[in-house]
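Student: Going down the list, the protein sequences come from chains X and L.
Residue 0 is where the first sequence starts when you use numbering that gives the first Met the number 0, and the numbers rise one by one after that.
Residue 0 is where the second sequence starts when you use numbering that gives the first Met the number 0, and the numbers rise one by one after that.
For the record, the hints were derived by calculation from the structure and aren't laboratory data.
Any given hint could be a false lead.
[What the hints assert, rightly or not] Capping the alpha-carbon separation at 27 Å, the derived lysine-lysine pairs in DSS-like fashion look like this:
| no. | chain 1 | residue 1 | chain 2 | residue 2 |
| --- | --- | --- | --- | --- |
| 1 | L | Lys30 | L | Lys168 |
| 2 | X | Lys417 | L | Lys168 |
| 3 | X | Lys417 | L | Lys114 |
| 4 | L | Lys448 | L | Lys434 |
| 5 | X | Lys417 | L | Lys434 |
[Unchecked claim] Residues on chain L that point at chain X, a partial pick, calculated with CB under 7 Å:
| no. | residue |
| --- | --- |
| 6 | Ala29 |
| 7 | Val141 |
| 8 | Phe148 |
| 9 | Leu152 |
| 10 | Ala155 |
| 11 | Ile156 |
| 12 | Tyr172 |
| 13 | Ala175 |
| 14 | Ala178 |
| 15 | Pro182 |
| 16 | Val185 |
| 17 | Met202 |
| 18 | Met404 |
[To be verified] Facing chain L, according to a computed beta carbon distance under 8 Å, are these residues of chain X, among others:
| no. | residue |
| --- | --- |
| 19 | Pro194 |
| 20 | Thr457 |
| 21 | Leu458 |
Don't be surprised by glycine CBs; every beta carbon is placed ideally from N, CA and C.
The lines below spell out each chain.
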Amino acid sequence: MNWILLTPELTVLLAAALFLVLACLKPDPRRDYQLAVTMAAFAVAAATACATMSGDLFNHVYRVDLFSQVFKALLAIGFFLVIFLCDDFQGVAPSHHGEGYFLLAVCTLSMMMLASAVHLLAIVLALELSSYSLYILVFLRQEHRWGMITGLRYFLVGASASAIMLFGLAIIYGVTGAVHIDMLIQQLPAMMGHPMAVTGLLLTLAGFFFKLAVFPFHFWAPEAYQGAPNQVAAFIAAVSKVAAVAILLRMISMAQGNSDQLARGLIAMAVISMTVGNLAAIAQRDFKRLMAFSSVAHAGYLLLGMLCMTPAGYGAAMFYGAAVLIMKYTCFMVMTRVADDGRNLQIDELAGLHRRSPLLALALMMALFSLAGIPPTIGFVGKLMIFVAAMQKGYLVLVLVAMANVVVSLYYYLLVLKAAYLDEPAQVLPSISLTMPARLVAVAMIALIVGLGFYPTTLLDLVQAAVLRLP
Amino acid sequence: MAYQLADFPFLTTLLLCCIAGLLAILATPAKHTQAIKIVSAVFSGLTLVISIYLFIAYDQQAGGYQFVERVAWIPALGIAYFNGVDGFALPMLLLTGIVFFTAVLTCWEMELRVKEFFALVFLLVTGVFGLFMSLDLFFIFVWFDVSLFPMYLLIAIWGSTRKEYGAMKLTLYLLAGSALILPAIVYLVVHSGAMTFDLLVLMEGDRFTPAQQRIAFFLLYIGFGILAGVFPFHTWSPVGHVAAPTAVSMIHAGVLMKIGAFGILRVGIFLCPEGWQYWAPLMAVLATCGIVYGTFVGLNQTDLKYVIGYSSVAHMGIVGLGLSTMTIDGLNGAVFQMFAHGIMTALFFSSVGYIYDRTHTKAIAELGGLSRIMPRATTFFILAALTGIGVPCLASFWGELVVFMSCVRVYPVAGALAIGALAVGALFMLRVVQKTCYGPPLKKFAGLKDITAALAVPRIILASVIVLLGLFPGLLFDMINTATMQLIGLR
Numbered sequence: 000m001n002w003i004l005l006t007p008e009l010t011v012l013l014a015a016a017l018f019l020v021l022a023c024l025k026p027d028p029r030r031d032y033q034l035a036v037t038m039a040a041f042a043v044a045a046a047t048a049c050a051t052m053s054g055d056l057f058n059h060v061y062r063v064d065l066f067s068q069v070f071k072a073l074l075a076i077g078f079f080l081v082i083f084l085c086d087d088f089q090g091v092a093p094s095h096h097g098e099g100y101f102l103l104a105v106c107t108l109s110m111m112m113l114a115s116a117v118h119l120l121a122i123v124l125a126l127e128l129s130s131y132s133l134y135i136l137v138f139l140r141q142e143h144r145w146g147m148i149t150g151l152r153y154f155l156v157g158a159s160a161s162a163i164m165l166f167g168l169a170i171i172y173g174v175t176g177a178v179h180i181d182m183l184i185q186q187l188p189a190m191m192g193h194p195m196a197v198t199g200l201l202l203t204l205a206g207f208f209f210k211l212a213v214f215p216f217h218f219w220a221p222e223a224y225q226g227a228p229n230q231v232a233a234f235i236a237a238v239s240k241v242a243a244v245a246i247l248l249r250m251i252s253m254a255q256g257n258s259d260q261l262a263r264g265l266i267a268m269a270v271i272s273m274t275v276g277n278l279a280a281i282a283q284r285d286f287k288r289l290m291a292f293s294s295v296a297h298a299g300y301l302l303l304g305m306l307c308m309t310p311a312g313y314g315a316a317m318f319y320g321a322a323v324l325i326m327k328y329t330c331f332m333v334m335t336r337v338a339d340d341g342r343n344l345q346i347d348e349l350a351g352l353h354r355r356s357p358l359l360a361l362a363l364m365m366a367l368f369s370l371a372g373i374p375p376t377i378g379f380v381g382k383l384m385i386f387v388a389a390m391q392k393g394y395l396v397l398v399l400v401a402m403a404n405v406v407v408s409l410y411y412y413l414l415v416l417k418a419a420y421l422d423e424p425a426q427v428l429p430s431i432s433l434t435m436p437a438r439l440v441a442v443a444m445i446a447l448i449v450g451l452g453f454y455p456t457t458l459l460d461l462v463q464a465a466v467l468r469l470p
Numbered sequence: 000m001a002y003q004l005a006d007f008p009f010l011t012t013l014l015l016c017c018i019a020g021l022l023a024i025l026a027t028p029a030k031h032t033q034a035i036k037i038v039s040a041v042f043s044g045l046t047l048v049i050s051i052y053l054f055i056a057y058d059q060q061a062g063g064y065q066f067v068e069r070v071a072w073i074p075a076l077g078i079a080y081f082n083g084v085d086g087f088a089l090p091m092l093l094l095t096g097i098v099f100f101t102a103v104l105t106c107w108e109m110e111l112r113v114k115e116f117f118a119l120v121f122l123l124v125t126g127v128f129g130l131f132m133s134l135d136l137f138f139i140f141v142w143f144d145v146s147l148f149p150m151y152l153l154i155a156i157w158g159s160t161r162k163e164y165g166a167m168k169l170t171l172y173l174l175a176g177s178a179l180i181l182p183a184i185v186y187l188v189v190h191s192g193a194m195t196f197d198l199l200v201l202m203e204g205d206r207f208t209p210a211q212q213r214i215a216f217f218l219l220y221i222g223f224g225i226l227a228g229v230f231p232f233h234t235w236s237p238v239g240h241v242a243a244p245t246a247v248s249m250i251h252a253g254v255l256m257k258i259g260a261f262g263i264l265r266v267g268i269f270l271c272p273e274g275w276q277y278w279a280p281l282m283a284v285l286a287t288c289g290i291v292y293g294t295f296v297g298l299n300q301t302d303l304k305y306v307i308g309y310s311s312v313a314h315m316g317i318v319g320l321g322l323s324t325m326t327i328d329g330l331n332g333a334v335f336q337m338f339a340h341g342i343m344t345a346l347f348f349s350s351v352g353y354i355y356d357r358t359h360t361k362a363i364a365e366l367g368g369l370s371r372i373m374p375r376a377t378t379f380f381i382l383a384a385l386t387g388i389g390v391p392c393l394a395s396f397w398g399e400l401v402v403f404m405s406c407v408r409v410y411p412v413a414g415a416l417a418i419g420a421l422a423v424g425a426l427f428m429l430r431v432v433q434k435t436c437y438g439p440p441l442k443k444f445a446g447l448k449d450i451t452a453a454l455a456v457p458r459i460i461l462a463s464v465i466v467l468l469g470l471f472p473g474l475l476f477d478m479i480n481t482a483t484m485q486l487i488g489l490r
């Protein structure tokens, strides 16, 4: 057994163990933070170093290939970025910082496993592990009023989704008698005309749709985002979506594109997700709730790429997953910096941001334009690729619907932008001081958004090579 | 299609001038407003010089695409950084250079958030230049959006009269247009069987069936048409023009609306000639509606900027009418009119902006006798109004004449209606001039200063271009004709 293949996971596991020890010691926020950032940086290094490895582990339950490794690298980067944002982990009591880091690490670890798991039981295990750590993370919110209610709701919806997924898995097993993805890949395509197989697959996907916040499994999102500490909300919005994309790609690609029924089901979900997410977002006044509904809409766009069931579509969805990570993280970074006491930020409170911190205002503007799919940003390239893939399958109307949604979404993004650039705060607020590393990360995010928008070739080639590993 | 790569990347240099200007502005501390203005003037002047050089250096005998630059950009999707200019693009580049430079000079007195203002204007113009020179659909779309999104902030921060409403309306309308353009472009690329965004490759042979061309052309026509102020999608335009600050109105009406018409031509007509044929009657009808509607609604306005805004709708209708005739004259006239209207409307907004800055009113009823108080400023205003009417020996006359001549042949009814509407509009415009400029001078405006020599420079440039083209329309027609002949000859 080749343990080197597991380096990223082991690094994160080590980090988790270390954080667990920290949680038992006397809390010292400064030391905890520095250690956490260091470990997260190691995780990024390990994940990128192992990006080209491949092999099978644990009796073929666990597959390491370019597909999984690229996702792991993205997850590790997201993990690092979120940990980096925790420099004044407001919203979580200082005595719980250690637990916070521990749970973030465990969640990242389980999502890495999700990217590699090719056995249904392993998938379920990894998924549950990541879900449970997120439930507790939401509970960590210092103001109990938020943490308790929303954490509980999040948990209940999540548990129901898990139950539905298990039911679906049982049906799939009943129809095919297989629990390994390789076996399913051989058996499922022939059975995709069978209503039971389609039902089973759709129900199974429900568990992952919950993660991605696809309609009708999105109801937890606004409340969980609102109730969670800001950094945790960033983690849910940016990082956990990457894992959801990974596993959805694995599952949907099993059908190998020869199921109209599955495609039809996914089309309906994609269209409703986009529309519901965008329309609901218009009415939001709370920044995190707005982001939550925009996540629902983006889940729709992601699904649009996946439901093409072609390598181009999978590549587009993977690229867009990376784009979502960057764009959403940037938005949450700005929000966390502005709401420096860990409160929930109303959109009006962004007023005067262009004067308080021109850099953050610029970062927010680029991230919003990227979310709205305006070139030259990474979000635009992602949408373009998704549309190209969808058009190749002949979904002209679907693309037009998606574009109509983009216009709707632009409205509320512009309102946020207006608050940041036009509105003046009621009283004069002090400028926001950022540490040098924080500035660097903000600049790096802007550079990534614009740079990958102008020159996406490297990343494109990478994702296209990665999805070739899918059947 | 054969083309020769340029020895020196003039077009990229042009873009880099804009970007360098943008960076220089960003590097200048915000409190040195004068320095920022000088930097802006220098870099915009450079773009003007380069665009004049390109216009002169273009070999009209050889025709085709010149100054071509091509670098593979995203090979996986068949996207290249591919620039080249022909007889359609060069007048537009020149127009952009002139309007950009004069707009920067026009807002020399501006004080509010100067750094951000000029940075956004440079960003906008980068997109405009990029679009006019690009021969790759991906980049055409990218530049299209780059030139649109600064508009929101430009209007919402520096504008007047319901600025937030105007800015939001404008942005949503224009991006709704881009929401049609992108699917159309992707549709064409995917169905070309070549997986390339290269405009010239896509033009070769019969890549698209008539049905595909109809779908794509319709989407492109409406998508770009929104920006070109095509009736009934024009309603953002007067509102946006009125709300925008002077320099932005100039760039917007002068250059940005031309992007719409240019897009219809460059992407729609170039790639989907059969779609063009199929939809031409619709284009003619909508263009005529725009002319008649723009003129008559303009009659009813009490705000000077609204008057110009609606006259823009009417004048862009003439461009649309020219494009719909599918004749050489029609195309020549349409592109000429794009240029002439750009200069004319820039002068219009520029002079109205001056009057507004001094009198603080745009209401026609509150103005009067201005020609006694500020004779130089009103001269420019009157010249712009006369150009707008289409007085011979001024630039617009030739564009309108050629368009109407070909239109009367192809669509007699539409042509007659349009000409009739314009005649009525002319009467009305003269009445506006009479009300604001003549009559007894009002006491409340008595102390106002006339335009100074420095502030007159941009207006003089615009006015001389109008007169020059009015006297020698061949300067422009010969250039446009090289591209038109090639386009029609090809088909």
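Student: Hint by hint, work out which the structure violates, then give me just those numbers in ascending order.
Tutor: Failing hints, ascending: 1, 5, 6, 12, 17, 18, 19, 20 and 21.
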